[in-house]
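Engineer: So the chains spell out like this:
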Amino acid sequence: MHDLAVQGGQLLLVLLMAPLLTGFVRKVKARLLQRQGASIIQPYRDLARLLQKDVVLADNASWLFRLAPYLIFAATWVAASLVPTFATSLLFNWTADLIAIAALLGSVRFFLALAGLDVGTSFGGIGSSREMMIASLAEPAILMIVFTLALVAKSTQLSTISEVMLSAHVGLRISLGLVLVGLIIVAIAENARIPVDNPATHLELTMVHEAMILEYSGRHLAVIELAASLKLLLYVSLIACIFVPWGLVGAEAGLGSAAYVVKLAVGGAMLALFETLTAKMRVFRVPVFLGAALMLGLLGTLLLFVSRGL
Amino acid sequence: MSATLILWCVGVLLAAAAIGTATARLAAARPIVYGTSLVASVVALAGALDGLLGAAPPSGATLPLGLPWLGAHFRVDPLAAFFLIVVNLGSAAASLYALGYGRHEPAPHRVLPFFPAFLAGMNLVVLADDAFTFLLSWEFMSLSSWALVMAHHRVRENVRAAYVYLIMASFGTLCLLLAFALLAGVDGAYGFEAMRTHQAGPTIAALVLTFALLGAGSKAGLVPLHVWLPLAHPAAPSHVSALMSGVMTKVAVYGFIRIVLDLLGTPEWGWSMVVLALGGITSVLGVLYALMQHDLKRLLAYHTVENIGIIFIGLGLAMAFQANQVTWAAALALTAALFHVFNHSLFKSLLFFGSGAVLTATGERDMEHLGGLIHRMPLTAFTFLVGCVAISALPPLNGFVSEWLTFQAILQSPDLPQWGLKILIPGVGALLALSAALAAACFVKAFGVTFLGRPRSPAAANAREVDRFSLVTMFAFAALCLLAGILPGLVIDGLAPVVRGLVGDRMPVQLAVPWLSIVPIAEARSSYNGLLIFLFISFSASLAVYAIHRFASRALRRAPPWDCGFPDARPITQYTAGSFAQPIRRVFGTTVFLAREHVEMAPPGDRRPARLTVELRDLVWETIYAPVAGTVDAIAGRLNILQFQTIRRYLSLVVAALIVLLLVLAIWL
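These protein sequence lines map, in sequence, to chains V and L.
Going letter by letter, the first sequence gives residues 1 to 310 in the numbering used here.
Going letter by letter, the second sequence gives residues 1 to 669 in the numbering used here.
Calculated from the structure, these hints are not laboratory results.
Keep in mind that a hint or two might mislead.
What the hints assert, rightly or not - A short, non-exhaustive set of chain L residues, derived as facing chain V with CB atoms under 10 angstroms:
hint : residue
1    : Gly265
2    : Gly372
3    : Ile410
4    : Leu411
5    : Asp415
6    : Ala433
7    : Cys442
8    : Phe447
9    : Tyr528
10   : Asn529
11   : His549
12   : Trp562
13   : Asp563
14   : Pro567
Stated by the list, open to error - Pair by pair, the computed Cβ-Cβ distance ranges are:
hint : chain 1 : residue 1 : chain 2 : residue 2 : range
15   : V       : Met295    : L       : Asp633    : 29 to 35 angstroms
16   : L       : Val509    : V       : Ala5      : 30 to 36 angstroms
17   : V       : Arg285    : L       : Ile423    : 17 to 23 angstroms
18   : L       : Ala602    : V       : Gln42     : 19 to 25 angstroms
19   : L       : Leu490    : V       : Arg66     : 55 to 61 angstroms
20   : L       : Thr590    : V       : Ala200    : 51 to 57 angstroms
21   : L       : Trp419    : V       : Leu277    : 40 to 46 angstroms
22   : L       : Val628    : V       : Phe284    : 57 to 63 angstroms
23   : L       : Ile423    : V       : Met281    : 28 to 34 angstroms
Note that beta-carbon positions come from the ideal geometry of N, C-alpha and C, so glycine has one too.
Same shape as in the complex, but just chain L:
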């Protein structure tokens, strides 16, 4: 039932894409396209919710498309339903936001046709029930998002971003193609059902895992495959950035879960070590990169890398427990990972919407030119603050709950028998703790420099609050962040069918716990109640305000701030994004980025200002990508002579190639 419904929504989205193509240059196209996308996403969201929470068995549908002997299979099981909720919630919000935000789009004809197509692509990936449909939808999703990254194609940076994205996306699809080919085996059983029943040997399984990590990891942004992400996500219009960061990375996580935890069968413990190590490194490197940025959208994009790391830590733990048949702990770890998927889709979209609002109001993405926006845009500032608190994993909002569950899962792991895991997991725990603390620093910087202090440019000083559509969207997501934080039991219980389907067990029912606490194992071991924490803080803060204003003083005077005796300090004397991050850059950056500071002091008598330049090196790019790109370039240069030959030489080349191929075939057979 829900599969058919969502397929209809996908059809509507594709029709909207066609309408967008035909009418892109008309003013009426924007409300039509975004309005249609909004309605389709909301209906699909309802269908997905029904698929997850309704007790109905998984529903499927087959369309006579694709390979003639196969057709295109679609199916909504609990896992797909959960990810469809994430996709369509994000899509609905982005469409609503775009109703207002899209008004400022300088080139609507480059956005409108591809936006609904992108939404349709993401839905199709999650719906797909055979490898062929999956790969085709995956590539469709990649290409439509690539077109959106290229929307502002006159900016040189964006062209480079899109180029890197295209290469990485093709690489990722190639890896997934190989993974599915190995899973399908020699018979070419491309349906997921057939792959599930067919057990792969250990070598094949290890290869499939590697290819899945490379393919899905490159789309999700696992270090060292993340390089395209902070380039491409900020280049797109902000509502698309929100979708790419908040939702598309989750579709990649879905791909990984589907292949590794569902199709491949029971994992081996050695694989979980790879996933855990990659997750830990990704989370810390992602947040350190984010801290070094002063472009608001790029900071957010790098921070997505961190959150993907946290999700993969959860998945790695689930695999480790599953390999040892500790299913209840696997259920805990997997719930934590999926909860974080949901949370991240909420607050990362919210923050990208906020950065889009800032971009609309000021035309600036560079934090060094912003500041003081809390006075000019109080509502945007409030929602952005909620997003910042949530993403920094602070109670009582939702980011804390999923990280708390991940920590609880880590604490269940000393009983695992393998020594490798015993040594690795505490280290990963430390990395997770480190990344949580650095995330708070990162978002103090992001909010503090952008919204607090005094404006650093006329654009920031004259900013105006954004339109109602954008504000409604942001407030809705801020409210969801709070709700998921104070009523986490709802989400955990909602995830139960997904988790049961993958690891065969579930976390205890949470809504039955008194006072709506969450108790992962037993109350004597750990419990958390976000609702009460929220109520206590609100109550005691109100009590303090009331008591002090009633019984002590309520007088207030305005005066200039303390200036150390140097009046009229200009706004450039404030702390900037660069100076805020300087202590952390000095502590961590000197090893991770080989950060160097050069101070250039003009000699006495010279009136030039002193300059401080910071040099950061991206070691991942330098050690992996630059050599590969260099080699490809060099080989291409060498082979260039083949391009300008006479017809005789071409013919002899073709014949030679044919003979070599026949020889190879003859020897092999």
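So here's chain V without its partners, still in its complex pose:
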């Protein structure tokens, strides 16, 4: 019963918190640039406004184009509710392990890229094509990171991994350090943040994620934006649940929630700071950036294959 409550709570929590995190990151970024910035709850207002608007659908958009936003949202939501946020005792945490969660996000990207190609304009194409290029390096990188974690924890289940990471005998390991850097790089790329992509761009040629969804409007756009916020929340929760699992296991739900909010705030602020400090890179520099993540993951795995103690 308790597990069901935790699972249900998490399901609603991630959905409600996701726009807040996006708003928070935007706010911090604005303040760092000496701007006032929109209110932290602006993303909710945006969603509400978009939901009320008509959908303007391109003439030759197919059923796939109309179905894709809901599939994208649903798969992201399911993935986000399976990553422990304030407690590990989720009812369905055995439904998908870390590999399956990564693959679910792969399904999301697959449909997003198809939606980009559906209308038949060059911008959708450019977005899809670049997104798949980025994914072709980010996905193996995340799998190698999962391998490293799984070798340390002897499990690919996220709840078990956080429990192991919380226990004393893990300690500081070289492989975990490598993996943390790799995971942050992947998280930046997957969430279309600077320096890989710019979520605030208005120039079509520099877009990746925004180019794919250029033809979306109204409720479809709202759902996709919500899914993007959920994905950001998912990655911050993922990093938190693996590397700073305090307050997750065995603690009171209240304490876990408070710890989670703090973690989200710190993660969001660091992301905003990093984005302010770096410039966007050229598209063909991205493979080098992501290749580094892949190599870090591979190195972490190799170290653990050589010695379980590293």
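Since the structure of chain V is provided, determine the placement of chain L on it from the hints.
Structural biologist: Same frame as chain V, but now just chain L:
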């Protein structure tokens, strides 16, 4: 029992081939031949299912054919039964599909006689229980499929494809012949039972493995023996392409498993390194080649190479674990490989059926001339999409499950004692992950360029949905892809007898796990539940649709797409297959294919359009095949003088050859 039944089905198929030969030019021949093939395949499928799931002991049969002192032995053990299921499921689907698709065949008399013969050949290879029958059936399968590749023999490309295929097939059979000869030993024990009991020495065993890899690998499409596959598979009519890619490559995998894991006995860990390395390289190169293609069927054929790589990674892992007596992990790896065999036979056949439907509707295989077919052929598009999601290893469909199991097997390997494996396996894992991600890119391209966007040619703009037989077949296979994805426990438990027979252990019973999850080792270590993922996604998507349409807006307007202020953009401004793959070509292709782009800009005032040409080099062909072919050519040129001699010179040549042979014999003995 099942052996006899399936042999009867093979007999019916051969009779159908004879009927096809006699009546090929009549209109009634098509339904008769394909109908008979369908019935025979379904009956054989039932027999094979009984052989695998029924608790009966392996059944055998002997026919007084072949070598007089040997006869032809046939046997259905769990391994053969599993592969017979794969073969006959694919055959039944291809026959059903062909009932509709075959209507558009311009030269039925070149297809009808060989199609049932091909089915019979594949069944016989798997049924065979002695080396002689195996090789004879193998060659029969190769030749009948060669005839089908040559069906449209006026196309120059097809003739070249068939020529390369014939050479590679003969080479493969030669290697298998040598492998079996070594296994049979000096006594000439050609029965599989005798080979199993007779333990080969380490040198002989290594040679057998090499020949098995060359022989079965060349048929399956292991890099660098894959060159014929992307030429020959697309050249055949689409239902035959589906069989060649989806099923015949699996018969080759069967040959490898039978020789290496069954007849040869316990493997050594060094062999597994070879298999793992080849599997890893094959998977990545296969998908990179596929990404560079713009011919839909050739893309699919290259992608088969990738999947064969994934299967061999699983087999290599099983061999590594088996060599170290970690039987439970060997069972996991082997289950993953066999599950992928089953999955690939499903979605690759489905995708080839889909490409055949596109070919029927538009007459085009080149993706650069397609586009927008989702509007004209919504049902085909839906099934093709299911196939694409499944083959890209995305949950909740079946391709993901087998790759997930392979990853789980990789994660069990750090405890292996050998340093070579410790270094190699993480690398192979990275290659597998890379190939999975590239496969998704490949199928976004395949589906997106073919079915989405706007039509790039009048043929695509005027396409019509295909016939009912084809649609039923495609929907059935799409449903099977989903079922195998959400109920993987059924397949894993079904594979248990096969795996137990080969490595002496099995994966834990999966159907007993609550909620139909799959748990390879223990729930605390890893688990996956495709059914729940599927239900959750469907439920939350429906919830979102309902809530938004009920409480927010449901209004919808149509308008032209955003055009940046340049109205009436023509369909050629869309992304094409070539432009979609360009970033990946730039990242990977510059090293793997030495890809070069040449931009040709007309000078100002000249009204010619600018041109971009891409140059890709096939290094495998250039470094291995071209030199060999060149050498053979050169030697043949030199020896050409022997062909035009007087009778005196011929006689002296014969005498000289005889004397040399006698001398060699005298010195050797």
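Engineer: Check each numbered hint against the structure and report the violated ones by number, ascending.
Structural biologist: 1, 14, 15, 17, 18, 19, 20 and 22
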